[in-house]
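Asker: Chains as they are written, first to last, in the numbering used here: chain A, 779 to 1123; chain B, 3 to 147; chain C, 10 to 275.
Any given hint might turn out to be false.
Straight line, CA to CA, 20 angstroms or less: simulated EDC-like cross-link-like pairs of lysine to aspartate or glutamate [claimed, not checked]: (1) B:Lys140 / A:Glu1038; (2) B:Lys56 / A:Asp1069; (3) C:Lys70 / A:Glu1012; (4) B:Lys56 / A:Asp1040; (5) C:Lys270 / B:Asp74; (6) B:Lys56 / C:Asp272; (7) C:Lys160 / B:Asp96; (8) A:Lys956 / A:Asp923; (9) B:Lys56 / A:Glu1036; (10) C:Lys70 / C:Glu97; (11) B:Lys140 / C:Glu159; (12) C:Lys270 / B:Asp96; (13) A:Lys956 / A:Asp791; (14) C:Lys27 / C:Glu117; (15) B:Lys56 / C:Asp186; (16) C:Lys27 / C:Glu72; (17) C:Lys160 / A:Glu1036; (18) C:Lys270 / B:Asp93; (19) C:Lys160 / B:Glu147; (20) A:Lys903 / B:Glu147; (21) A:Lys862 / A:Asp1040; (22) B:Lys10 / A:Asp1040; (23) C:Lys70 / A:Asp1108; (24) C:Lys70 / A:Asp1069; (25) C:Lys160 / B:Asp74; (26) B:Lys56 / A:Glu1038; (27) B:Lys140 / C:Glu153; (28) C:Lys160 / A:Asp823; (29) B:Lys117 / C:Asp272; (30) C:Lys266 / B:Asp74; (31) A:Lys903 / A:Asp820; (32) B:Lys56 / C:Glu117.
The set of hints was computed from the structure by calculation and includes no laboratory data.
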Amino acid sequence: MVATMVDRLTLSDSAVDALVAALIRSGRRVLGPQLVRSQGQDRIDIAPLASFADLARDGQAVASAKGAVFPKVERLLHYRYAGKSIELADVEPASPPTVLFGVRPCEARAFAALQAVLNWDSEDKFFSHRLANTTVVAISCTEADASCFCTSVGSRPDDGQGSDILLCRLAHGGYLAKVATSRGQALVELGQGVFQALAAEPELAPAAALAPAFDAKTLPQKLAAHFDHPLWVEQSLRCLGCGACAFVCPTCACFSIEDEADSRQGQRLRTWDSCGLRLFTLHASGHNPRDRQSQRWRQRVYHKFAYYPDRFQTLGCVGCGKCSRACPVDMNLKQHLAEAARTLP
Amino acid sequence: MAEPFEPKLTAFVCNWCTYAGADLTGTSRIKYQANVRVIRLPCTGRIDFMMVLKAFARGSDGVIISGCHPNDCHYTSGNYHARRRWMVFRDLIDFVGIDLARVTFSWISAAEGAKWASLVNETTDRVRALGPYQEIGKLAAAGIE
Amino acid sequence: MESLQRKAQELLAAGTVKLVIGYGEGTGVRRRPIFVRTGDQAGSLVLDPACTQNLATYLTKAEVRALGRTALVATPSTLRSILQLAAERQVREENLLALVPLAGTIKELTTFADIEAMVATLPDEIARADQEMLTQLGAMSVVERRAFWEKELGRCVKCYACRAACPMCYCERCTMDNNRPQWVPVASHALGNLEYHVVRAMHLAGRCVRCGTCGAACPHGIPIHLLTFASEGSVRRQFGQPGGASSRPTYALATFKPDDKEDFIR
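Hey, can you work out the whole structure from these sequences and the hints?
Answerer: Next comes the structure, spelled out in structure tokens:
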């Protein structure tokens, strides 16, 4: 995304509604967080939006929006036997033009972390193609919950990093739109007058108040010095070793390659994988370098807060808290990291 | 003009009773509809319940499972275990919305050539009337981007 | 709650157990499993209606077993899980103690026979919301049920939170984890999800204690506990064996009667 100077425009509530309608009419896939009431349990899913009214404006979706650029199951190639020969076909990545509308700023920031690893030393054409076709319109947060910790990882509830357009709520209705990229500008043009020029300095609704819980800048050195600390055993006692945290995480990009075939045809799929699963590091020899949950838990923390900064000069975590909310046993990453920052000398 | 629908049936049968019975059907020159593909297993006890689901996933419109009568199992008790398994599996697949009318269970002995023919004919007619079954097969392409 | 904390302190101080597994305060209104090894830590134990997760899943976790003799704060479902695990030879009586809140005190159950006796006095019902869902699903046509499960299971991402949270899913190498053969697809596409959940429900038939922890664990709100409730219900109805009733092995699908009655085999 080419950074241009940030344009500031305004949108009334009805204008946002019209914008969403225009985006849908244009044939784009418009995805956003929506409240789903089901079996007495409410949840927020990221799903196709029918209108702005359907958008869940507060709270967070359980899952991240990464599925739009890094789907849970993706076909890479397929083949079939045709008589005596084999027809092998690469899958050319094809994705519809997509707008992620109404995601949180933390989710928008996560795409840079995905980019860092998926396009690290070679281009992941599937991911890159989907990302190039995706425009991110985030809405800043006026509320945070006990799992959120964006301010501990160098961000803010109204951070525009990673958004093509950031919508900030105004105190008396409507939004301030910060248009940061040419992709965002393209939406402004599509909106055809839905965006208004700023008449005066806008009065913003207060962003969520979220005190930092730990200092992410000093954490990498502490982690590097305490690889064998018993804290990792303590923290991971209740961890069940499932993949819930990794799969809802907007920055987690580990994947498995699965070949599915029968005697006539086959396909190669890429699927999400998680370092929390015991078999993630099982070698063909039978040796498993991370056979205990404490080693896998440590890996999760270190990957995001030590190895990522070391390799990519950025954290592998955006402080969204989705991992904590999704975890069946309430592994609250903010609490764990705060404890690590406090306990590790 | 479109070809009329001909159902594909997959039959999982035990070697010692039903497979031999089906063989007798042939040697007795009893004609029956050719829609069934027979898969021979040592015993109905060896039939994994997922074979039923996988048959539907790969294009079967109906499934037949058949083996030795109780007390006649070549391995003494394989069919007893199979029976219990099917008693539970049927309830489960009905619960997840799979049409039980398309799954047929039977005991057919090596001497019952006529019964095999009659079972296949009756099942083929029933499944033909029900129409093609794509509810599970269509899932093979779903959820992959 | 106070007597639970005191009981935990006493047990630890006397060396009767090395570990008390119970519930502590979690994020917001949540509760989380806690592992109490000292008297001080015992102060974190809480016990209230929000404590519903089945903690028996930790009895088969290697890192927890290594900590020594364990006292487990037990809901009725947890007690049933202990019995089922005992029937499957996964826990030893001498390594375990169940702590059950009863009439204002905390009762210690140290033998499987005691746990069986206690379980026999407890109501064996599932939550009303779940009963209603099962009734609704039962009233649907096959086609409607298929549409329901296709939609629900479409959200599954194969994170295996359900499997990990279930006390009865203790296999070190689950059938999903084998690739010779790859009997069930790993990928979380529609077919892979259906196959996984059907296999899991069958592997739990007659073993599930209906705690609902699998459904509660699912991050995407899929009511998968209803699947294992259905298979357990089938075994219960047809063979008279509810999951977790006895510490003696009685797995309905590992045995048979020559005159088992059915009405569908021609």
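Asker: All the hints need checking, so say for each whether the structure fits it.
Answerer: Now for the hints, and whether the structure bears them out:
1. B:Lys140 / A:Glu1038: holds, 16 angstroms
2. B:Lys56 / A:Asp1069: violated, 33 angstroms
3. C:Lys70 / A:Glu1012: Given that 20 angstroms is the threshold and the Cα spacing comes to 14 angstroms, the pair holds.
4. B:Lys56 / A:Asp1040: Holds, at about 12 angstroms.
5. C:Lys270 / B:Asp74: Holds: Lys270 of chain C and Asp74 of chain B sit about 17 angstroms apart, inside 20 angstroms.
6. B:Lys56 / C:Asp272: Given that 20 angstroms is the threshold and the Cα spacing comes to 24 angstroms, the pair is violated.
7. C:Lys160 / B:Asp96: holds, 16 angstroms
8. A:Lys956 / A:Asp923: Violated - the C-alpha atoms of Asp923 of chain A and Lys956 of chain A are around 25 angstroms apart, more than 20 angstroms.
9. B:Lys56 / A:Glu1036: Answer holds: Lys56 of chain B to Glu1036 of chain A is near 18 angstroms, not above 20 angstroms.
10. C:Lys70 / C:Glu97: Since the Cα atoms of Lys70 of chain C and Glu97 of chain C sit roughly 15 angstroms apart, the hinted pair holds (cutoff 20 angstroms).
11. B:Lys140 / C:Glu159: Between Lys140 of chain B and Glu159 of chain C the Cα gap is close to 11 angstroms, so the pair holds against 20 angstroms.
12. C:Lys270 / B:Asp96: With a Cα-Cα distance of about 19 angstroms, the restraint between Lys270 of chain C and Asp96 of chain B holds, given a limit of 20 angstroms.
13. A:Lys956 / A:Asp791: Between Lys956 of chain A and Asp791 of chain A the Cα gap is close to 16 angstroms, so the pair holds against 20 angstroms.
14. C:Lys27 / C:Glu117: Holds - the C-alpha atoms of Glu117 of chain C and Lys27 of chain C are around 15 angstroms apart, at most 20 angstroms.
15. B:Lys56 / C:Asp186: holds, 19 angstroms
16. C:Lys27 / C:Glu72: holds, 13 angstroms
17. C:Lys160 / A:Glu1036: Given pair Lys160 of chain C, Glu1036 of chain A is violated - Cα atoms ~24 angstroms apart, limit 20 angstroms.
18. C:Lys270 / B:Asp93: holds, 15 angstroms
19. C:Lys160 / B:Glu147: holds, 17 angstroms
20. A:Lys903 / B:Glu147: Distance ~14 angstroms between Lys903 of chain A and Glu147 of chain B Cα, so the pair holds.
21. A:Lys862 / A:Asp1040: Holds - the C-alpha atoms of Asp1040 of chain A and Lys862 of chain A are around 16 angstroms apart, at most 20 angstroms.
22. B:Lys10 / A:Asp1040: holds, 18 angstroms
23. C:Lys70 / A:Asp1108: With a Cα-Cα distance of about 18 angstroms, the restraint between Lys70 of chain C and Asp1108 of chain A holds, given a limit of 20 angstroms.
24. C:Lys70 / A:Asp1069: With a Cα-Cα distance of about 12 angstroms, the restraint between Lys70 of chain C and Asp1069 of chain A holds, given a limit of 20 angstroms.
25. C:Lys160 / B:Asp74: Between Lys160 of chain C and Asp74 of chain B the Cα gap is close to 44 angstroms, so the pair fails against 20 angstroms, i.e. violated.
26. B:Lys56 / A:Glu1038: Holds - the C-alpha atoms of Glu1038 of chain A and Lys56 of chain B are around 14 angstroms apart, at most 20 angstroms.
27. B:Lys140 / C:Glu153: holds, 16 angstroms
28. C:Lys160 / A:Asp823: holds, 13 angstroms
29. B:Lys117 / C:Asp272: Measuring from Cα to Cα gives roughly 18 angstroms; hence the hint holds.
30. C:Lys266 / B:Asp74: holds, 14 angstroms
31. A:Lys903 / A:Asp820: Judged against 20 angstroms, a Cα distance of about 36 angstroms means the pair is violated.
32. B:Lys56 / C:Glu117: Violated. Lys56 of chain B to Glu117 of chain C sits at ~48 angstroms, over the 20 angstroms cutoff.
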